Structures are given as structure tokens and as C-alpha cells.
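Just so you know, the protein sequences line up as chains A, B and C, in that order. Going by the working numbering, the first residue of the first sequence is number -16, and it counts up by one from there. Going by the working numbering, the first residue of the second sequence is number 3, and it counts up by one from there. Going by the working numbering, the first residue of the third sequence is number -6, and it counts up by one from there.
None of these hints come from the bench; they were simulated from the model. Note that the structure is a prediction, hence the values are computed from the model and not measured. One thing to keep in mind: the hints can contain errors.
[To be verified] Far from chain C, by Cβ distances over 12 angstroms, these chain B residues were calculated:
| id | residue |
| --- | --- |
| 1 | Leu16 |
| 2 | Leu48 |
| 3 | Trp128 |
| 4 | Arg275 |
| 5 | Ile329 |
| 6 | Leu367 |
| 7 | Ala368 |
| 8 | Glu416 |
| 9 | Val476 |
| 10 | Thr486 |
| 11 | Trp530 |
| 12 | Met534 |
| 13 | Pro545 |
| 14 | Met560 |
| 15 | His606 |
| 16 | Gly607 |
[Unchecked claim] The calculated lysine-lysine pairs, modelled on DSS-like cross-linking and capped at a C-alpha distance of 30 angstroms, are:
| id | chain 1 | residue 1 | chain 2 | residue 2 |
| --- | --- | --- | --- | --- |
| 17 | C | Lys233 | C | Lys121 |
| 18 | C | Lys18 | C | Lys245 |
| 19 | A | Lys77 | B | Lys603 |
| 20 | A | Lys7 | B | Lys612 |
| 21 | B | Lys149 | C | Lys305 |
| 22 | A | Lys1 | B | Lys603 |
| 23 | C | Lys264 | C | Lys198 |
| 24 | A | Lys82 | B | Lys603 |
| 25 | C | Lys327 | B | Lys420 |
| 26 | B | Lys420 | A | Lys83 |
| 27 | C | Lys62 | B | Lys533 |
| 28 | C | Lys115 | C | Lys227 |
By construction, the Cβ of each residue, glycine as well, lies at the ideal position given by its N, Cα and C atoms.
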Amino acid sequence: MHVEEKFTHETWPASPEKATLEAKNKFLGFWFFLGGETVLFASLFATYLALKDRVPNTHQALAKDLFELPLTFTATMLLLTSSLTSVYAMYHMKNFAFKKMLLWLGLTVLLGFGFLGLEIYEFNHYVHAFHHTFTSSAFGSAFYTLVGFHGAHVAFGLLWIITLMARNAKRGLNLYNAPKFYVASLYWHFIDVVWVFIFTVVYLMGMVG
Amino acid sequence: MSTYAKKQGFGATLWDFLTTVDHKKIAILYLIAGGFFFVVGGLEALFIRIQLAVPNNDFVSAGLYNQIMTMHGTTMIFLAAMPLIFAFMNAVMPLQIGARDVAFPFVNALGFWLFFFGGVFLNLSWFLGGAPDAGWTSYASLAVASKGHGVDFYLLGLQISGFGTLIGGINFLVTIINMRAPGMTYMRMPMFTWATFVTSALILFAFPPLTIGLVLMMFDRLFGAKFFEVSMGGNTIIWEHLFWIFGHPEVYILILPAFGIFSETFAIFSRKRLFGYSSMVFALVLIGFLGFMVWAHHMFADGLGPVTNAIFAVATMAIGVPTGIKIFNWLFTMWGGSVKFTTPMLYAVAFIPSFVAGGVTGVMLASAAADYQYHDSYFVVAHFHYVIVGGVVLALLGGTHLYWPKIFGTMLNETLGKITFWLFLIGFHLTFFIQHFLGLWGMPRRVFTYLPGQGFETANMVSSVGAFFMAAGVIVLLINIITTSVKNVRVGNDPWGDGRTLEWALSSPPPFYNYKQLPLVRGLDAYWIEKMEGKKGLTPAEPLGDIHMPNSSFLPFMMSFGLFVAAFGAMYHGEHGTWAFPVLFLGLAITLGSMFLRSVKDDHGFHIHKEDLMDDDEKGVKA
Amino acid sequence: MKRLAKWRLISLFAILALVLSGCGKPYLSTLQPAGDVAEMQFGLMKLSTYIMIGVIIVVTVIFLLVLVKFRRKDENMIPKQVEGNHRLEIIWTVIPILLLLILAVPTVATTFNLANVSPMDKKNADGKHNVLVVNVRANLYWWEFEYPDLGIVTSQELVVPTNQKVYFNLKSSDVKHSFWIPAVGGKLDVNPENVNKFWLEFDNKKADEAGNLFYGKCAELCGESHALMDFKVKAIDKDKFQTWVRAMQNVKKPQEATTASAQEGQQIFSKSCIGCHAVTPTNSTPIAARIAPNMTNFGERSRVAGILPHTKESIKNWIKNPEKYKPGNKMAGKYPTMSDAQLNALADYLMSLKVQK
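Here chain A stands alone, though its shape is the one from the complex:
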């Protein structure tokens, strides 16, 4: 199977993301990359847990003062749903339904922007209502680094998916770009999984105290 070959619904392979050697390499390589990213986030989580509530004086806000369930729960729901929509997109990719794939990816991007917007609002709120900033304490540094690192991943993922959609909007699916879409969605899932951990470790455990 050649990468530039034109396909129809009938000739489209069952696993287009692994149909060529390049695609197989990309698929496996990306999983390894995510393995490295896991260790990256694990290091950040460990740092956060070590520095949680470590502030220089008693006036500063602690985790239990800061976090509120409604806001973070909404953000979580947005991101979880966006993961689901990206699954639909990949389902349509495998069925060679390009337009539908774009539609679902578009939805994923919108939800992603929603999440990012909430996060920006949240950070802004902490800074102004609690004077909890990146430089105010070790706790602040650790919190903004962990959550911000994730936020930066979301932002990068959005840019990536948008670029892919724009680049391939006119020419449809082939075996050259199908693995790219697949890998981007894999990345999006990964971001989602990391968020589940952030939601649990930072927010839920933070609110309990």
C-alpha cells in the first residue's frame, strides 16, 4: 500500500493508522513518547505533592481554601467529553468518512477551547481573589507548574489538531495523513488521562485537605 494512493470507502484498510511501515513507526514511536511524558508528569505530580500547602506564612491560601468543585468539575466534563468526541472522529476516520471526522474533530477543538478558557479564568481568579501566584510560595509554583504544564499541552494539542484539519481539509484522507490524525487523537486522550489524575490528586484531594 502506497502512501499517496487514492482510496475509496471499499479499499480503505481496516487499520489505516498502521498500514504502512512509516505509520507503524509513528504509532509505536508515539506510544513511547507518551511513556516519556508519563514520567514527566509523574515527576511534576511528585513535586506538587511534596510542596502542597508549603507556604511561607499563615496568611496565604492553602489548597482547601482555593479549590471549588463546580468550576473544576465543569472543566473535567468538558475535557472528558472532548475525549469522547475525538473517539467518534477516529471511528469515522477508520470508516473513511472524512467530513464526519472533521466535524467531530471540530467539536473536540471547541470543547478544548472551553476547557482552556475555564482554566484561564480559574488561574485569574486565584491570583486576584487569593493572591495565590506563581511566585508567592513553593505551593504556588508547584500548582501552576503542574496544572499549567497540562494547560500548555492542551494548547499545543489544539494547535496541532487545527493545523492538521486545515492542511488536509481539501484533499481528504490518505495513508499519509491518517496516522497523523490518529496520533493527534492519541495525544488528546493522553492529555485527558493526565487531567483525570490532576482532578483527583490536586482538586479532590486538595478540597478534602
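Starting from the structure of chain A, add chains B and C where the hints point.
Chains B and C alone, transformed into the frame defined by chain A:
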């Protein structure tokens, strides 16, 4: 599109190397850059030994000494040993598994340029206000307090080059899993390929903690974060953990490829298959695994408590077992063999006693309660130089002689090679053996001088003399390289005569597509099997057909260059905001723009046609 | 290759000889243990060295046999391609495990023993420890020793009684340091964020042999003058220690200088130096205010600034240009330039600061 057989001038050659994605050329780039930094690090080592030759010396000032000492360690580990290992991995591993290229040629080139620009950035510190001075471990309390921008060079430079190493590791992993020739099962892979595989896995999991540590410290130093500021709730022990979770596997990242090179050497020059291949593989994987379980033995004196110390002490001792297995397997590879003492074999043979000495002091250091005495003394300096010089550097020097003909198509001179060997080996033991005793006599490490009357004088002088023997050995090697390159006597496929693995079946250097037809691998030491059956070449696994090759690209260079530029912006934004911010954004724009270009511009590579390949046959072209 | 092997063997015997005979200076070397802790650690060193020499001998024998027996003589000889040998492989897996167990057991036991500081937690009715406790505070580049139960603060020279356990609290005022008295026991890091605790015991006989003065070192890179962050330990018997404690406690207010020159020096000191350097041993000043070594018994110490010979000349040189002797120290530039006459007076005064007349 047969564009591969063109004549080239200097400019064209330069452009070729700046844009190449060929693993063999990238290997040469790694070799040159790594070799250069090895010489730089070696000069720094000489300055250290001159300063310490006599007590109360003032050859360099205290502050400058700390910079030299920091840069010696950082350069040797990150900018010399790592890239030289990557050079051999790139040069040999794809050939050994019967592949035409690595899985991600573009990423391979990107990895090199990131390392290169990171290394250049780090070394520019010498000219821009002073080098980092907090030791290669850059412990947080001291590093955060360090004045000037030295430590910032360390933080930014290592982030850039570390990222290059990480993607290089992923590349090798995927290459080995996906691109092995037909019949090349995992348990038929040459030992060096196995070493590359395990090493790459270690890189993948060890470098992210370092990256995070570097990012956190960069935030502290440049952006006002408080991770390591105790008065603001910070904690400096976090750095030590992050650093050593990386740092200990890093030791194995260096030594496992050395094991791989020596395994090949012993088998080749004993004319015998590697003794206990399966247990060698098992030991390799086990060492890699245990490597992640022992980091806190670098922190025995931290006050982590007896439970932690005891657990890590026992775990560390456990590593002695698989290492011992390997030593005995090498000895028994030679046992019953027909041992020829070529230059690479001399290095391999000398490696055994040298490394055993480093290994046993490692077990001594693992004994936590006794380590309170060894820790941060010259005993530790002696130990890790026995492991790294006696293991890694001997392997790199031996590997250079062994694979030089495969990489460049000409042999290094054997007589000069042996002179280098003896000078280096004698110098090495002279320099470092006595340092064990300096440590036991109470000399702490990382001291810029020592006072007279403590009994350190003679031993330090002996050590300094030894360093000059090593330097002389390296100079002879350089002479060797220059003279043989000028003569440029071409050699055939198997210049040592006893090659066992696939790479020795190819011309020296191999054509840029490596294998015209992918080989069929029928067992361990595939080429040896064919030779024993009286065949000249390999058994092909496929009919002659078109070969798909990747396009060259300048983008890896640009992406890395962008980060290099951005690093300056990040570093100076505090005091020179007016130009630093624009520089930061310009750099990031170059990198992201290049990534964007890479993303939107399709790159399908090109094909070498069957007919051209047949032409090659007739002309005997060596590309 | 035989040459190399011989060389290795000779070095092995060298280790053996050196370890057995003991080496280095009695006041500094870990190989001449002068206390319980160093003794235990030396025992572990010897045990591990013996085991490792055993391993080295086995490797060396096989190594030499290989080098002698299996050189290539016949260019056309193809050796038998041996895959491996299970029995051999099991042997060289199991025996190292057993050897390591022999080392692991005493290692773990000693590690726990050395970390046992439980007597520090007990306090008597007066709120004082039943054991001698010293708070060690590390600074760039000097050491402070506080005896919290005795109300004494001193610097640069730790005074301890022999033949009893001394317990230490270690804390850093700035960057990480490491507290090491090689002849008496292994080191423990001095961290900025937590107090590390351990104990040492100073052997009376060995202290005598070492001239009652052990060398202490900073073992963690802490900046430019890390190499010069030395301190001394005066280990004396219990009676002498008690005498010293009483003499120190008797200094309630700064001692008055007796000679004319020293009196002039005291005036200079009171104007330019006392802001940082205390001359009374009480520990009523808060830690943050104790920013330079306490000078109460300076005249009785053995070094100036921890490293220079204890002479008037050294004091004058040091005060003239401390940067020259300890680069990066915190003292340089904190006081006005002094004339030679002023330096002389100051040196006379400092030398007169003695508690045991």
C-alpha cells in the same frame, strides 16, 4: 530521481552534512562533535590536575576552579560520552539489524542538532560571564544561590540537548522493534543492538525527571518560582531526587553500550560466539531495570533515615550480581577461543580488570553505613572514574578503532593505536588508583585546593602526572587519525577478518541505502554463519526492487537553532528585557515555524530504482 | 598483556598492605578510626574489601589463564562455538549473591545502629537532655557549635569530651554543607530545610595519639571556599571538658583587655566588629543575628579563620584581606580599612580572648 552519485565540493559537502538524515552521516557528526567536546573536557581535566598537583596552588582561582570542575563533569557526561555512544549506535545498530535506515531519519537529525546547539550554548558560558559553578549535579541550594548566569547556561543548554537525547532514544527503540531484517528475532540480535535497545529504554524513562528538574530550577532562577527556596516553603531535596532518578540510570545509559561494544570485540577477536548469550541479555535487562531502583544511594548522607538507606543499600548491591555474570561471560568467551590482540581487543582486555576494580568499589559504596565515610570524598571520585573511564572511555576508544574502518573505509594505524592504548591505560591507573586512598585519608571531593600537612601532597602529584599520560595517549590518537586519513588506504568489507555480525558483510563504508536487498538472518552472528558455509555475502530475503529513502532536510538544524536563540532571550529577560523578549519570541518562532513547515509540507521521500542499483553493481560504487 | 596483569597484582598487594597497616594522618584518616562510629565503618570497609579481593583474585586467575593459554597461534584455527554452560552460569550467579548477603546483613545492622538517636528525645525535669547534645550550624564558610543545655555558643573549634556519645543536630543557615570528622565517623549532610541528627564517640586513647585535635571538613560543595571550610575538634577527657564548660559559662560579659595595645584593640573591635562577632558565649541572641563566628575563646583556638596558623601575623593578614585567604567569604568589605597599628592592636586583643587563663 537518482541524485545520490554526485561529485561534491566543500560547500556541497557541508550542506550535505547540515541537511543529512542518513544515520551513517549523523554518526560521523556525533563522532566529530563528541570528539571535540571530549578534548575540551580533557583540557578541563588537565587544568584540574595542574591546580591540585601541589597544595595551596593558585594556577586557577577558587571560583574559576569550580567552573572548570563543573564543566569537566557536565561536558564529559552530556557532551562527550553520550554523543560518542550515539555515534556508535547510529553507525552500527541499523547495520546490525539489517535495516536501510532508522525509523525516524528526520528525528535522528533533529536529535543531533539539538544536542549540538545545547552543547554549544553551554560552552558559550565561558565567553559570556562565566560557566556554571555548582558541580555537574547542580544541587539546588548552591545552584539557586549561584551568581551570574553560569547555572542558567547549564539549565537551558541541558534542556535543549536532553530533548535531543530523548527523541534519539525513542528513535532507536522503534527502529529495533520495527525495522529488523527478516529472521532477525530478538534473541538473534547482536549484543550491541541489545545494549542500544535497553539503553534507549533507560533514556526514555530517565531523561524526563532531569528535564523537570531543570525546568523547575530554571523557573526558580529566571522566573521567580520558589521550588527550592526554603524560606518560601521550598525544598532542595526534591532536586536531588529528580536529579538522581535521572542520574543513576544515566550511569547505565553510558556503561551498557560500552558493554555492547566490548561484547562484540571479545567475540570477534576470540573467533568465538559470545559465551552465555541469553544470560548476557538477561543481565543487561536486569541491570537496566535495577538501575531505576537505586538512585537514593547517591543520597546516603542526606539524612533520609535508616530504612531508606538500608533498602537502597541492598538494592544497589544486587546490581553486582548481573554485572558479575557479564564479567565471567566475557572471560569465558575468550576461554577456548583464538585470541588476537588487536588494538580494540587490548582495550577490551584491559577493561576487565579496570572495570572490576570500579565495580567492587561500587559494592563497597553500596554499604550505606560505610558510605558515610566514602561519600563526597575522593574515594567516590576514584570509583566513578574507574567505572566511566575504565568502562565507558575504554569502550569508546576501543570502539573507535574497531568501527573506524566501517565508518570511514580506512583503518587506524595499529602501532599508534597500541601506543595510545598503553599511554592511556597507564595514565588512567596512575591518576585514579591513588585517589581511592586520598578519599580514605580524608580528602573531600570538589576542593579547589588543599592545605599542606594533611598527607595529601605525594598522592596528588602522582595523580596529576598520570593525567598527562592520558593526554599524551589522546594526542597520539589524534595524530593517528590525521595520518591515516591523509593516506586513506581503502579497506574491504571485513577488515578485521573475523567479523561476525551483519555490518561486516557490507562495504566500508556501506552504500547510503545499506542493503541492496534486505538480508535473511539465519541465527546469531548471521555473517559468521554465512562465512562458515563458505559464502561470500549474505542470503537475500527479497528480490532486487526499488528502495524507498527519506529526503534530506534543513529543518532539524533550524528547529534546534531556534531553541538556541530562544535560550538567550529566556536567560537575559531579567536585566535586558528590551531585546531579550523579542529574541525569545524570535527563537520560538523559528522553532515553531519550522515545525509548522514540517507539518504542512508533505515529505514522501524518494525511490532508488532497481536499474540504478544494478548499475552500482557493475561499477562497484561505494556511494 | 602479562605486564598489565602483573601491574594489577602489585596494586592489589598494595591495597592489602595499606589497609592492614593503616595509613594517613591519625587526626584525619578514616583508616585510623578514633571512635565507635569510625570503628564500625572501618570494620565494614575491611569486610567489603576482603570479599572484593576474593572476587578480584578469582577474576584475575581466570583472566591470566585466558591471556596465556588462548592467544592466537594458528591463523586458520576456528575455535568451537560454545553457547554457554548452565552449571558455570549458576555458580557465578549464586556465589555473588551469597557474598553480597554476607555484606548486606552487617551493613543494614550498622546503618540502623548509627541512626539511633533516641536518647536525644528524652529530657529531664529541667527540660535538658540527659546526653550531651551539640547543635551544629553551617554557614558560608564557618561552623557554629552550640551546647543548648550548657548555654554555650562557640565557633570553628568543637570541644567534646572523650569516651561518651555526643549527639548532633545539624542545620544550615544558607546552602547545603556536610559535616565530616573523618577519623571519628562518617559524614552527615547539613541541609537548609531540616535538622539532621546523628551521634559520634571520640576515643580517649586515639585522641591522645592525634594530639587531641581532629580535623573536620565540609564535604559538600558549597561555593568558592568549600575547600577551606575546615573546623577542628578538640577531644578532651570528661574532667577537662567540665573545666572548659565552667570557664566558658563564667564569661557573662565581654572580657576586658589587660594590655594597652589589647585595650585599643578592644575599642576597635567594639566599634567595627561586634556587630557580627559576639565575644560572650551565651546563646541568648537569636540565630538570625549570629552571622559570624563567636570569638569568646578565640585566643585558645588552633587556627585563624579555620585554616591559617594561629599567630598574630595571620590575624593581621586575614583582617587586611580575607578575600585572599577564603574567596567568597561574607566578611570582606563589612568593616572599615584598618591601619597596621590598628591591625596590631586588634590582633593583640583577639589573642587575649581566653577563658582558661
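Query - Exclusion check [Trp128(B) not at the chain C interface, CB over 12 angstroms] - result: holds, 18 angstroms
Requested in this report: Grab the minimum beta-carbon distance between Pro545(B) and chain C and tell me whether it stays above 12 angstroms.
Outcome: holds, 32 angstroms
Query - Non-interface claim for Gly607(B), where every Cβ of chain C lies beyond 12 angstroms - result: The claim holds: Gly607(B) sits with its nearest Cβ about 40 angstroms from chain C, beyond 12 angstroms.
Requested in this report: Classify the label on Met534(B) as holds or violated, using whether its beta-carbon is more than 12 angstroms from each beta-carbon of chain C.
Outcome: violated, 8 angstroms
**Report entry** Non-interface claim for Leu48(B) versus chain C (Cβ beyond 12 angstroms)
**Finding:** holds, 19 angstroms
Query raised in the report: Lys1(A) and Lys603(B): Cα distance at most 30 angstroms?
Result: With Cα atoms ~21 angstroms apart, Lys1(A) and Lys603(B) stay inside 30 angstroms; holds.
Query raised in the report: Checking the smallest CB distance to chain C, is Arg275(B) really beyond 12 angstroms?
Result: violated, 5 angstroms
Report task. Over 12 angstroms to the closest beta carbon of chain C is the bar; see if Leu16(B) clears it. Result -> holds, 42 angstroms
Requested in this report: Take a quick look at whether Lys115(C) and Lys227(C) sit within 30 angstroms of each other, Cα to Cα.
Outcome: Roughly 27 angstroms separates the two Cα atoms, so the pair holds.
Query raised in the report: Is the straight-line distance between the alpha-carbon of Lys233(C) and that of Lys121(C) 30 angstroms or less?
Result: holds, 21 angstroms
Report task. Compare the distance between the alpha carbons of Lys264(C) and Lys198(C) with 30 angstroms, and conclude whether the hinted pair is satisfied. Result -> Judged against 30 angstroms, a Cα distance of about 45 angstroms means the pair is violated.
Report task. Could you let me know if the closest chain C CB is still more than 12 angstroms away from the CB of Met560(B)? Result -> Given a closest Cβ separation of 38 angstroms, the condition holds.
The structure fails hints 4, 5, 6, 7, 11, 12, 18, 21, 23, 25, 26 (numbered hints given earlier, in ascending order).
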